[in-house]
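Line by line, the protein sequences give chains A and B.
Numbering-wise (the numbering used here), the first sequence opens with residue 1 and increments by one.
Numbering-wise (the numbering used here), the second sequence opens with residue 366 and increments by one.
Hints should not be assumed to be uniformly reliable.
Subject to a maximum C-alpha distance of 27 Å in a straight line, what follows is the list of computed DSSO-like cross-link-like pairs (lysine-lysine) [unchecked claim]:
hint : chain 1 : residue 1 : chain 2 : residue 2
1    : B       : Lys418    : A       : Lys30
2    : A       : Lys319    : A       : Lys344
3    : B       : Lys417    : A       : Lys344
4    : A       : Lys34     : A       : Lys213
5    : A       : Lys344    : A       : Lys290
6    : A       : Lys341    : B       : Lys417
7    : A       : Lys344    : B       : Lys377
8    : A       : Lys75     : A       : Lys344
9    : A       : Lys140    : A       : Lys12
10   : A       : Lys301    : A       : Lys329
11   : A       : Lys16     : B       : Lys377
12   : B       : Lys418    : A       : Lys344
Stretches of chain A that chain B covers, calculated by requiring three or more beta carbons in the stretch to come under 8 Å of a beta carbon on chain B [as the list claims (entries may be wrong)]:
hint : region
13   : 217-228
14   : 288-295
15   : 306-319
Think of the hints as simulated: they come from the structure by calculation, not from any bench.
Heads up, the beta-carbon is just placed ideally off N, CA and C, and yes, glycines get one too.
These are the residues of each chain, in order.
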Amino acid sequence: MKKTPLYNSHIKAGAKIIDFSGWAMPVQYKSIIKEHENTRNNVTVFDTSHMGEFFITGDGSLNFLQRVLTADIRKVSLNKAKYCFLLNNDGGVIDDLIVFYISEKYYMLCVNSGTIEKNLNWLNKHKNDYDVEILDVSEKTAKIDIQGPKSEQLIKKMTSEILPKRFSFINTRINGDAVLLSRTGYTGEDGFELFFEAKLAEKMWDYIFEFGKDFDIMPAGLGARDSLRLEACYPLYGHELSHDISPVEAGLNFAVDLDKVDNFIGQDKLLELKSKGIKRKLVALKLEGKGIPREGYEVYKNGENIGYISSGTFSPTFKAGIALAYIDKNCSDIGSEIEVKIRKTFHKAKVMKKPLYSFKGENVK
Amino acid sequence: MSLIPENLFYSKEHEWVKVQGGECVIGITDFAQEQLTDIVYVEIPESGTVLKKDEIFGVVESVKSVSDIFSPLSGEIVSINQDVIDAPELINGDPYGDGWLIRIVMDDETELDDLMDAEEYLVYIEEGE
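Build out the structure end to end from the sequences listed, making use of the hints.
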């Protein structure tokens, strides 16, 4: 298994390590529930160094990204971070990512860990017509996410710079080291993502915890990351998104500029899909009684199978089973009563408004 | 370090058995609850259900995982712990006490011979780690 530069820090902190798509990652330290609640109430720190980072540079960068990304980069301004997709020719999702607009000729893409190679192949395959260089800096880059309502106060202890607003970033120094500090995250809370040189990782981790003591800081693993993102109804690649699922079905139209003048790969297919109408839709579910929906469980209405759970968990915030599910569009109205088959029994559930847990920080698009 | 009380029998699937006359109380071990952490859901059958040794009779779930519970003995359930269904965290807090799962009348006392005593169970979990 591959190790992030913070592997030893995790072991020292008593982490339970699992294999996450080839990476030895902390799933939890003491308790997923405690780490989850601490993210909602205070501040937690996640090692997300397994994720991939590419730099896209050169005169043709803007035009190249206009071609391969669903976001209209012409509408994105300097120092903004924008969530969007790489699509295949059929409108299926190759990956979901965040593009960081550093300058007109200089961008960073932050991609999922399991899709680094696939993305590189796809990008390289399509760069021929553009004056552009693609640099994979994943191995050399560490990433730490600081998330929770107290994350702003904590960051303010470490830098005197004016902090970026939601979906923006700055290049700054923390403890003397260069950091790309982005106000983004995957938890449904206010928070920051720090990108910096991998060799600084342990030093940065310790520095954050030194200041974090005053804010009830604790490390959090992938277990809490998953339950937090599910409450916030954020998709996870390989579960809610894949080659066979379009962003239209996933209800993520905000990340696709369908009216983009510079035609992007997959755009025509998405337009076609939108005009024809979709059959299935991604919905959020909450179980009414006990029982925990899990990935792959079937969803029923009036005895008929109408879809499946793409991700499910026990929600520490709502103290109930929650899930994201792809179901028949005709049954997807909010309040619709359905059933989840758990082992041999059918459990009542309701389609809920997304997100289940609303973002609690300042919300600036 | 997991607690392993002396007076109990243990299965390879990390259940414990306490013999009280002809009846047996069954639960999951301290080691098992430590591995699972944060138990949030328990599913066990009703009283009267007939169990067969080594067959799955219930489920415990943590936030992230689902684990089967295997019956260490054959017999019939005479009572279940309703409190643990309502508050699964009892298993984390007191796996050998308030976190018990079911009480059964066993069919065949000789099945106890297939289970481990505390000393054997300690060796078993240490070897597994």
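Comparing the hints with the structure gives:
no.: 1; hint: B:Lys418 with A:Lys30; in the structure: violated, 34 Å
no.: 2; hint: A:Lys319 with A:Lys344; in the structure: holds, 23 Å
no.: 3; hint: B:Lys417 with A:Lys344; in the structure: holds, 19 Å
no.: 4; hint: A:Lys34 with A:Lys213; in the structure: holds, 16 Å
no.: 5; hint: A:Lys344 with A:Lys290; in the structure: holds, 14 Å
no.: 6; hint: A:Lys341 with B:Lys417; in the structure: holds, 25 Å
no.: 7; hint: A:Lys344 with B:Lys377; in the structure: holds, 26 Å
no.: 8; hint: A:Lys75 with A:Lys344; in the structure: violated, 51 Å
no.: 9; hint: A:Lys140 with A:Lys12; in the structure: holds, 23 Å
no.: 10; hint: A:Lys301 with A:Lys329; in the structure: holds, 12 Å
no.: 11; hint: A:Lys16 with B:Lys377; in the structure: holds, 22 Å
no.: 12; hint: B:Lys418 with A:Lys344; in the structure: holds, 21 Å
no.: 13; hint: 217-228; in the structure: holds (count 3)
no.: 14; hint: 288-295; in the structure: holds (count 4)
no.: 15; hint: 306-319; in the structure: holds (count 3)
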